Structure formats: structure tokens, C-alpha cells
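S.K.: Work the whole structure out from these sequences, hints included.
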Amino acid sequence: MARDLSAYREVAIESFDDGGVVRLRPLAGQAYHVWLRVQGPRVMVADHPVGTRFLVHAKLTDRLGGTPFLYVYHGDPVVVLSDAQARKFLAEFRRGRI
Numbered sequence: 001m002a003r004d005l006s007a008y009r010e011v012a013i014e015s016f017d018d019g020g021v022v023r024l025r026p027l028a029g030q031a032y033h034v035w036l037r038v039q040g041p042r043v044m045v046a047d048h049p050v051g052t053r054f055l056v057h058a059k060l061t062d063r064l065g066g067t068p069f070l071y072v073y074h075g076d077p078v079v080v081l082s083d084a085q086a087r088k089f090l091a092e093f094r095r096g097r098i
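For the sequence shown, the UniProt record's numbering begins at 1 and goes up steadily by one.
Derived by calculation from the structure, the hints in this document are not laboratory data. Among the clues, some could well be false.
Below, in silico cross-link-like pairs of lysine to any residue (SDA-like), each with a Cα-Cα straight-line distance of 25 Å or less [as the list claims (entries may be wrong)]:
no. : residue 1 : residue 2
1   : Lys59     : Glu14
2   : Lys59     : Val45
3   : Lys59     : Ala7
4   : Lys88     : Arg23
Keep in mind the model is a prediction, meaning the values are calculated, not measured.
M.R.: Here's what the structure looks like:
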């Protein structure tokens, strides 16, 4: 079965330390709250330091009616964002919301 690409949208995310466990979350200023968790390729947390920002294609989902989360397909490329690139992406997102 093919992946429905229309369900995915670009989201800027970052890794953070959650009590000794490295997790992923959306950056503030987007359609998704920073409390929303992101499930993505393990390489994002294993090969990059905590605080690294990424640009991903993610979709909002839940697992059998559980807590909603953003899902990043494991086959997509990992794109690391610099601080300047992240600021530019968030500024473009805010402009596009009007």
C-alpha cells in the first residue's frame, strides 16, 4: 500500500532531554503544540546532539485511539536545520497563516 503524501506536511522539530531520555518535539510557533511528541527515525536522536533541529514531513496520527503524535516516515531523508534556517522556516510559516 502506498503512503498518502497528502497527509504529510513540513514541520520543524527539535530533540530535547526529557529526564535522561532524548525525545523529539515540534518547534514553537507552528500549528502543533510543543507538548506533542514526534515519532521518527532513531538516527535523529542517536547520531545528532540534543537540541538539533530538523525539517521533516510529518502527519498527525494516533495509535488505535491513543494519544495523538506526529509520525515521521523512517525512509525520508534527515534534514538538519541551522538556527538561521529554523528562524526563516518559522517566519515563512507565520506569513502563510494569514
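S.K.: Which of the stated hints cannot be reconciled with the structure, identified by number in ascending sequence?
M.R.: Those not satisfied: there are none.
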